[in-house]
Amino acid sequence: MLCDFKYTFLTELHSKNGWKRKVYINVREHISMTRAANSSPLSAGGATPASATAKTPDWSFDDEFDGGDETCGRVIVNLHLYIRDQKPGFRILVISRDPGAPMELPAWCRMTKNELTEMHHPYYLITLKPHLVRK
Amino acid sequence: MSNTFCITITHCSTNPDKATLGFVVANAAQGSEKETMVFLSSDGVWCAVEDEMTKIDEGAPFAPLKDLIDKFIKAGGKIYVCTPCMKKRDITEKQLIAGATPAGGAALVEWLANGSPAVAY
Numbered sequence: 001m002l003c004d005f006k007y008t009f010l011t012e013l014h015s016k017n018g019w020k021r022k023v024y025i026n027v028r029e030h031i032s033m034t035r036a037a038n039s040s041p042l043s044a045g046g047a048t049p050a051s052a053t054a055k056t057p058d059w060s061f062d063d064e065f066d067g068g069d070e071t072c073g074r075v076i077v078n079l080h081l082y083i084r085d086q087k088p089g090f091r092i093l094v095i096s097r098d099p100g101a102p103m104e105l106p107a108w109c110r111m112t113k114n115e116l117t118e119m120h121h122p123y124y125l126i127t128l129k130p131h132l133v134r135k
Numbered sequence: 001m002s003n004t005f006c007i008t009i010t011h012c013s014t015n016p017d018k019a020t021l022g023f024v025v026a027n028a029a030q031g032s033e034k035e036t037m038v039f040l041s042s043d044g045v046w047c048a049v050e051d052e053m054t055k056i057d058e059g060a061p062f063a064p065l066k067d068l069i070d071k072f073i074k075a076g077g078k079i080y081v082c083t084p085c086m087k088k089r090d091i092t093e094k095q096l097i098a099g100a101t102p103a104g105g106a107a108l109v110e111w112l113a114n115g116s117p118a119v120a121y
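These protein sequences, in sequence, are chains A and B.
Last residue of the first sequence: number 135 in the working numbering, and the count goes up by one each step with no gaps.
Last residue of the second sequence: number 121 in the working numbering, and the count goes up by one each step with no gaps.
These are calculated hints, taken from the structure and not from any lab test.
Being a predicted model, the structure only gives us computed values, none of them experimental.
Any given hint could turn out to be false.
When the alpha-carbon atoms are kept at most 30 angstroms apart in a straight line, the in silico DSBU-like pairs for lysine-lysine are as follows [said to hold, decoys possible]:
1. K18(B) <-> K55(B)
2. K18(B) <-> K88(B)
3. K129(A) <-> K74(B)
4. K113(A) <-> K74(B)
5. K87(A) <-> K74(B)
6. K18(B) <-> K87(B)
7. K87(A) <-> K55(A)
8. K87(A) <-> K113(A)
9. K87(A) <-> K129(A)
Can you make the complete structure from the sequences, with help from the hints?
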């Protein structure tokens, strides 16, 4: 699921159970982020931002939600609308380049009783409502 | 932890930044499975009037106000609109967007008195 920005194909993710998902980036935003990072003292030597270099994690997942460069409540409500009819136990790979995501998504998981199974910004593996899964 | 949340908004074109932020937080609350009520009062009542609401667009990274409000209602959020504030501005119930409900102080007080946290914009 993609949000409202214009994206360009970046890479493809493969889940262990056969799902295949394409990952997109907002190229205009990405270029401006890279330029800003290259001129920042925090990234001396011309390093690219973490979101551009983060290695795709080798996680098993059932579906993917790409929050793009949306921030704050927009990511949350879009994610909520995307997962609300999905089954407990479903594993969603959430991608969010929002710099606030490392704070926002764990808080959202605590409030909604979804499990933050893995986290490596901008990738978040969320297991939906594991307490509702019949054993 | 409370399962409800309230956002009061007292601006529209008088402070479009605050009106926009109020609905951003409302979306975060509703999207976090909190039963969320936005209470529009003072000049905030214009946020529930289509022609006024569509004028508000703060630009990136914020979505236009109409987009935020549409998404909030779609996610199940409630919008209460202060009736005396409407009357003072000659706004009728027919002018309100679908999903917005005229209400008074008692509705707000009941919501908060039941233990809902609130934030004001």
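Status of the hints after comparison with the structure:
Taking the CA atoms of K18(B) and K55(B), the gap is near 14 angstroms; set against the 30 angstroms cutoff, the hint holds. Distance restraint check for K18(B) and K88(B): the Cα-Cα separation of roughly 22 angstroms lies within the 30 angstroms cut-off, and the hinted pair is therefore satisfied. Note on K129(A) and K74(B): the hinted pairing holds, with a Cα-Cα distance of about 22 angstroms set against a maximum of 30 angstroms. The hinted pair formed by K113(A) and K74(B) meets the criterion: a straight-line CA distance of about 22 angstroms does not exceed 30 angstroms.
For the hint linking K87(A) to K74(B), the alpha-carbon distance of about 20 angstroms falls within 30 angstroms, and the restraint holds. Of the supplied pair hints, the one linking K18(B) and K87(B) holds, its CA atoms being roughly 23 angstroms apart against a limit of 30 angstroms. Between K87(A) and K55(A) the CA atoms are separated by roughly 28 angstroms; this keeps the pair inside 30 angstroms, and the hint holds. Between K87(A) and K113(A) the CA atoms are separated by roughly 13 angstroms; this keeps the pair inside 30 angstroms, and the hint holds.
A threshold of 30 angstroms between alpha carbons decides the hint, and for K87(A) with K129(A) the separation of about 8 angstroms falls inside it, so the pair holds.
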